[in-house]
Amino acid sequence: RLVVPRSKAQRKNTSKWSFPTISKTSTMKFNSAAALLAVGSLATTYGFTPSSSVSSFTSHRQSLVRPSARLPTHIQHTSRSATTLSMSTFKVGIVGATGAVGKEIVGCLEKRDFPVDSLRIFGSERSAGKEVDTKFGKVKVELFSEDAARECDVVFLAVDGDFSLAHAENICAGDDGAVVIDNSSAFRYKEGIPLVVPEINAEATKGKKLIANPNCTTAIGLMAVWPLHKLFG
Numbered sequence: 018r019l020v021v022p023r024s025k026a027q028r029k030n031t032s033k034w035s036f037p038t039i040s041k042t043s044t045m046k047f048n049s050a051a052a053l054l055a056v057g058s059l060a061t062t063y064g065f066t067p068s069s070s071v072s073s074f075t076s077h078r079q080s081l082v083r084p085s086a087r088l089p090t091h092i093q094h095t096s097r098s099a100t101t102l103s104m105s106t107f108k109v110g111i112v113g114a115t116g117a118v119g120k121e122i123v124g125c126l127e128k129r130d131f132p133v134d135s136l137r138i139f140g141s142e143r144s145a146g147k148e149v150d151t152k153f154g155k156v157k158v159e160l161f162s163e164d165a166a167r168e169c170d171v172v173f174l175a176v177d178g179d180f181s182l183a184h185a186e187n188i189c190a191g192d193d194g195a196v197v198i199d200n201s202s203a204f205r206y207k208e209g210i211p212l213v214v215p216e217i218n219a220e221a222t223k224g225k226k227l228i229a230n231p232n233c234t235t236a237i238g239l240m241a242v243w244p245l246h247k248l249f250g
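In my numbering, each number is its position in the sequence shown, counted from 1, plus 17.
Some clues are possibly wrong.
Claimed, not checked - Here are the computed distance ranges between Cβ atoms for each label pair:
| id | residue 1 | residue 2 | range |
| --- | --- | --- | --- |
| 1 | GLU142 | GLY250 | 49 to 55 Å |
| 2 | LYS207 | ALA117 | 39 to 45 Å |
| 3 | TYR206 | HIS246 | 18 to 24 Å |
| 4 | ALA241 | GLU208 | 24 to 30 Å |
| 5 | GLY154 | HIS246 | 21 to 27 Å |
| 6 | TRP243 | GLU208 | 19 to 25 Å |
| 7 | LYS147 | VAL242 | 23 to 29 Å |
| 8 | THR235 | GLY124 | 20 to 26 Å |
| 9 | SER105 | GLY250 | 40 to 46 Å |
| 10 | SER135 | LEU248 | 41 to 47 Å |
| 11 | LEU248 | ASP164 | 47 to 53 Å |
| 12 | GLU208 | GLY154 | 37 to 43 Å |
| 13 | LYS157 | GLY124 | 17 to 23 Å |
| 14 | VAL242 | GLY178 | 21 to 27 Å |
What the hints assert, rightly or not - Below, computed lysine-lysine pairings styled on BS3-like, alpha-carbon distance capped at 30 Å:
| id | residue 1 | residue 2 |
| --- | --- | --- |
| 15 | LYS120 | LYS108 |
| 16 | LYS223 | LYS128 |
| 17 | LYS120 | LYS157 |
| 18 | LYS128 | LYS155 |
Bear in mind the hints are in silico, worked out from the structure with no lab data behind them. In this text, a Cβ means the ideal position worked out from N, Cα and C, and glycines have one as well.
Using the sequences and the accompanying hints, generate a full structural model.
Put into structure tokens, the structure is as follows:
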């Protein structure tokens, strides 16, 4: 806790001067949740239209997003490069899932009952072969390769910027590439790649296969500032 110095008269009311700090874990969890919501926003913007079997997921997602961020369903197509990819479950890959951010992404998938058909976890040679307990069963960590990641529908990159710069665009390239959501700083300022906080600009993901996340503290701040911006410009 941060305690502001007080005068003798002010010591009688200590609570007014005590402010809780936001922990690093809290900001990390928020950023992981924001990344997962970005996948949810793809249901109506890029191409994931859950079937009735996962309508409870859709309802839950929509309850978390402001009405202004909800978008109409677009014309349905079937290829990953098209505007909309219709499916009820997803093959999800996480690169760096054994790290702190990756673990939070797995946790979000579990807590939000995300419709995962299969979960694949990619890591380094040091992590490969280890087993990770998840709600979706035990998952063996695979040695990362771009070809393996491209077999997924959605890939979360919970890695550093250099790794993302080297691999992200290759993973999502072409009609058969995966949708990539990058948690690093690699693409935050790159033209043509949307920087997304789903509750604010989910529509920016439309037709995009590589999506960037802002810094975790920036995302939290924007959630507070955005309503003020809408009211006062």
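Verification of the hints:
The hinted window of 49 to 55 Å between GLU142 and GLY250 holds, with their beta carbons roughly 52 Å apart. Our hint of 39 to 45 Å for LYS207 and ALA117 is violated, since their Cβ atoms are close to 25 Å apart. The given range of 18 to 24 Å is respected by TYR206 and HIS246, whose C-beta atoms sit roughly 20 Å from each other. For ALA241 and GLU208, the hinted distance range of 24 to 30 Å is satisfied, since their beta carbons lie about 27 Å from each other.
Range check, GLY154 to HIS246: Cβ separation about 43 Å, and the 21 to 27 Å hint is violated. Range check, TRP243 to GLU208: Cβ separation about 23 Å, and the 19 to 25 Å hint holds. A C-beta distance of roughly 41 Å is found between LYS147 and VAL242, which places it outside the suggested range of 23 to 29 Å. Distance hint for THR235 and GLY124: a CB-CB separation of about 21 Å, consistent with the stated range 20 to 26 Å.
The hinted window of 40 to 46 Å between SER105 and GLY250 holds, with their beta carbons roughly 41 Å apart. With their beta carbons about 44 Å apart, SER135 and LEU248 fall inside the hinted range of 41 to 47 Å. Restraint check, LEU248 to ASP164: a C-beta distance of roughly 49 Å satisfies the suggested window 47 to 53 Å. Range check, GLU208 to GLY154: about 41 Å between beta-carbon atoms, so the 37 to 43 Å window is met.
The supplied range of 17 to 23 Å is met by LYS157 and GLY124, whose beta-carbon atoms lie about 19 Å from each other. For VAL242 paired with GLY178, a C-beta distance near 25 Å keeps the hint of 21 to 27 Å intact. Between LYS120 and LYS108 the CA atoms are separated by roughly 17 Å; this keeps the pair inside 30 Å, and the hint holds. With a C-alpha separation of about 26 Å, the suggested pair LYS223 and LYS128 falls inside the 30 Å cut-off, and the hint holds.
Distance hint between LYS120 and LYS157 is fulfilled; the C-alpha atoms sit about 14 Å from each other, no more than 30 Å. Restraint check for LYS128 and LYS155: the C-alpha separation of about 17 Å stays at or below 30 Å, so the hint holds.
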